[in-house]
Every structure is written in C-alpha cells, then in structure tokens.
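Turn these sequences into a full structure, and let the hints guide you.
These protein sequence lines map, in sequence, to chains A and B. Counting in our numbering, the first sequence runs from 1 upward without gaps. Counting in our numbering, the second sequence runs from 1 upward without gaps.
Be careful, since some hints might not be right.
[What the hints assert, rightly or not] Here are some chain A residues pointing at chain B (derived, C-beta under 10 Å):
no.: 1; residue: 273
no.: 2; residue: 296
no.: 3; residue: 298
no.: 4; residue: 299
no.: 5; residue: 303
no.: 6; residue: 304
no.: 7; residue: 307
The set of hints was computed from the structure by calculation and includes no laboratory data. Note that the coordinates shown come from a computational prediction; the quantities given were computed from them, not determined experimentally. Even for Gly, the Cβ is constructed at its ideal location relative to N, Cα and C.
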Amino acid sequence: MLRAIGVARFEELLSDIPAQLRMPTLALPAGLSELELLAKAKGLAQLNQSTEQVDSYLGAGMYDHHIPAVVDALASRGEFATAYTPYQAEASQGTLQAIYEYQTMICELTGMEVANASLYDGASSLAEAALVALRTTGRQRLLVSQAVHPEYRQVLRTYLDGNGVHLAELPVPSGITEASRVAEQVSPDVAAVIVQTPNFFGCLETLAELAEAAHAKGALVIVCVYPVALGIIQPPGAAGADIVVGEGQSLGNPMSYGGPTLGFFAARQELVRKIPGRLAGRTIDAEQQCGYVLTLQAREQHIRREKASSNICTNEGLLALRATIHLSALGPQGLREVALLNVQKSHYAYEQLLQVPHVAPVFTQPFFNEFVIRFSEGVSSDRLLRQLSAERILGGVGLQRWYPALAGAWLVCVTETKTKAQIDRFVETLTKAVQATHG
Amino acid sequence: MKIPSELRYTKTHEWVRRQGERELVVGITEHAQEELKDVVFVELPPVGKQVKAGEAVAVVESVKAAFDIYAPVSGTIATVNAQLGSKPQLVNQDAYGEGWFFAIAPSQPGEWEQLMSAGDYAKTFQVST
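What follows is the structure in structure tokens.
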C-alpha cells in the first residue's frame, strides 16, 4: 500500500509532526494483570454509595423507582443495544417500531395527540416547548411558575439568552401556582404559561384553572409532568395543556448519579410541524405491508438548516426503549398500582414525620410522593442530615440552594421502594437525633 | 414545458399574474414543481402580513426537501390559497392555475416591470417551451 501511494516508509507520513512529539516517552506505570485491575477498580467503585447501601429519600427531579428485571433483560439484547440512528428505514424497522410504540405510550399517558422520539432530558424538553410557543404565537413573553424545577428554569434562561424574550416568574407562596395570579399577569404578549405537576415541592397544580386563565389571552399552556404520577392523576391533555414535557428517567431507567436522562415531548396535532425532534411514523410499503419511517423530516436541521425547528438531530433511543418496556410490563393497571403505593407510603411518612418534635409542615396542598418539611428555629437541619447519613439514611434535599425563604427546609421523597419498616427507621432515627440535641 | 407569456417570473421560480391594479397572484412554475416532485405541504403567510420584494414568505415541502418561496414584489398579503391545506398536490397538477400560493396588494408599482419575461426565464434556466 505504501508503494501504491509512493511512500518508502510509514514514518514519512508523520514527517509534518515535530520529531520530539512523534513518539514521546510517557510516564506510565507498568501494566496490571486482569486480577490486579479488577481489585483496583472494585476498590474505587466501593467508594460510591448506591440505593443498595442507603435508604434514599431524595427526589427533586431524579427518582428511585423499582425497575422490573425484564427491562434490563430485553434492553440489553444485542439487536437493541447496538442499533444506531434509524435514517435508513429498510435497515431499522425494529428500532423504528420501538420508537413508534414509545411515542404512542407517551401520548396515552399525557393525553396528547403527537409525541416525538424523545429529547435529552426534562429541562431541554421544557425549553424546546417554550421555543415552539414563541414561534407559533409570534409573541415575546413567557410566564413560568417558580414551582417549576429551579434547574429547568435555569436551562430555559440559557436557551432564551440573546433572543430578546422576556421571562417572568410567578411566585408560589402557597406551594401551588394560583390561577388568579396567572390571570393577572398573562397579557396578550405572553406566548406561554409554564407549570409543573406535581411541582418541585411535590404539590399538585390545578391545571384546568391555570389553562383557562392562559387560554383566555391566547397563551399556550406548557405542562412539565412526573410520568409515574400519571398513573393516577388526570392527564395534562385532558386539562387543556398544549404541550406536555417531562423527565422520563422514572420510567424504567436508573438514577445513575444524574444520567443519562430522557426528555419526553408531546403536543396537540396542530403543532406537529413546529415541534422538535425525530418523529417515527407508521405507513405501508409498495407491497401494502406495514412499515415504519422517520417522518416530517422537513422540520429538522439536516433539511432546513438554520430554519429548522431545533438543532437536535438525535434521541435517547435506549432509554426510550427501556421506558417502553417498563410501561409494557406494568400496563395501565400496574402503573396505577405503583402510583398508589407512592401516594400511600409518602403520606404515611409525612404523618409520622410531622409527629417528630420540632418538625413542621410548610404547605397544605395535596401532594403525590414528595413533600416539604421544616424545623423549628435553632435546629440545625444540616446537622440532622449528616447524622441521618451516618445511619445510612439520606433524609431529603435542602432547599436553601434555590429558595432562600425556605432555608433549612427539606424536600422529602418516598417511592414504592420503601417498606414500612424502612420508613419507621427513618422516623425513629430522626427523632433520636433531634432529641439528642434539642430534647 | 409551459411558461405562459402573459405571466412574469423571478429568478427563484415564482410566477406572477396581474389581476387588476391591486392584486398580483403568485405561484411556482412548472419547471419548479417538476424539480420538487410531489408536494406534501405548503406553509402560507398570514393575510395582512407586510412583505418586501425578495423576502421569504412561504415554504413548500415535497417528498425531497423543503424550499422557501419569496415575495416577488413588496406589499401586503391580500389572500392565500386555502385549498392547498388539504390538496397540496394542486401545486404539481395545476401550477399556474389552482396551485397558486397567495396574492399580494403591491406597494411599489415599479417592481412589476423589473420581473423577468417568459422568454428571459426560459433562457436563464434553459427550459424549452
């Protein structure tokens, strides 16, 4: 081959690289045997804590849910794990059908008419929804509730930077977004009202009222929703949502220290040509056989370039697949049962925790599986978290990071994974820790 | 290939028909629809929109790709062809008739004169009539 291109030695091809950089001596230690390497890696891995070693009551956007074994078993099959982008329909029927089923389930869950093949995460899905609303209405203002996840609002701000769009926040002193406040603030230049349910505090928003207030002035309604809650709460589509987004991690995907994550995105049919992301469609081929394709690609940037609805040209294929298998395994009945377990266990924990001395409620709204508790003045809730952690309990997420008025309060999440015994241990351990310092 | 001589044309393959003093009807040529292949969707501008000559005001999407359609003259969008919503194939079937896109109420009368004649269009794009 060297002869064919007229080169005498391989080294001649490297002649543009300075001699001292060509084969530098690297200060690498001697290689390890497989046995030594495994021991070293295990040692490092053991420094991590997983939900197998601790009882985690952390939520705030990533959730500890049980994943049936069938999800791993099917999703790790070579045919799924190695499939890549489905742009050649004839070679991607399996992947495309799985995406189509995923889209269908998201529509059923959210009560919407069309869903895309998924985006990166809940936060960017929310931001993309806002961009759709801005494009569709031609308006320049957005109203977002302060009960929407604070990091989602940060991502939204990043997406809008330099766009000339004005983002106004709706305060939530009572723990939910008030329809009267929306009605006050929504003017004819507002493109969308953005809320989350259950919201960041775990409280359930009154979607129908909020939607009415927004639609009265021609603003779109964007709802970010926790998918497991859809096992029992009314789908946002039925309450008047125009676009529904959210984080799909809690459907068959582990927390994995924060990712990868799964953004779902669903909308009304009339918005279909404005939405971002891939769309799998079902059709028939020349022999009248059912087949699947990527469709409406003229929205996407490989065709429309700077005029595309978004710069995204991918999806979270493997995670969407896991969510699909998870939902298939549970079925509507199973998802409802999981949701009910979440409600029951979290409410039991809430009642028990409120009996611990120096613990008080913050909001009085109905909640799904997360709630906020606060401590009496003079109690160091940070110290309590550390004491609980020493007993292998992660008690909650401190809210001072995002809500200074709620400094010292905890956001506590209880999913179906916690037994009564575990919850009782949480309450007992907290009680002992509080009494030890404050009597 | 039909290039009606009573119409005028743009370098971006729009045709323009004068319909009285105050209305210029716009569509795309036979040559254009043939290159595009089957049209599946047309995105039309809102009635009342102010446009400038050369500004992208509509989008035509075919099985192949999506293309911008440009206003041949400045003015206001007076009417749009609502039929294209349910029958985008009219653009292929009757490019100079039922496949029209929109009508403009022109604001600069001189611009009509600057549009290409049928002959110029045929020559520029080497389309035999």
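Hint-by-hint comparison with the structure:
1. 273: Hint holds; residue 273/A Cβ to chain B Cβ min 7 Å, cut 10 Å.
2. 296: holds (9 Å)
3. 298: Since chain B brings a Cβ to about 4 Å from residue 298/A, closer than 10 Å, the hint holds.
4. 299: holds (9 Å)
5. 303: holds (6 Å)
6. 304: Hint on residue 304/A: holds, closest Cβ of chain B at ~6 Å, below 10 Å.
7. 307: holds (8 Å)
In this structure, every one of the numbered hints holds.
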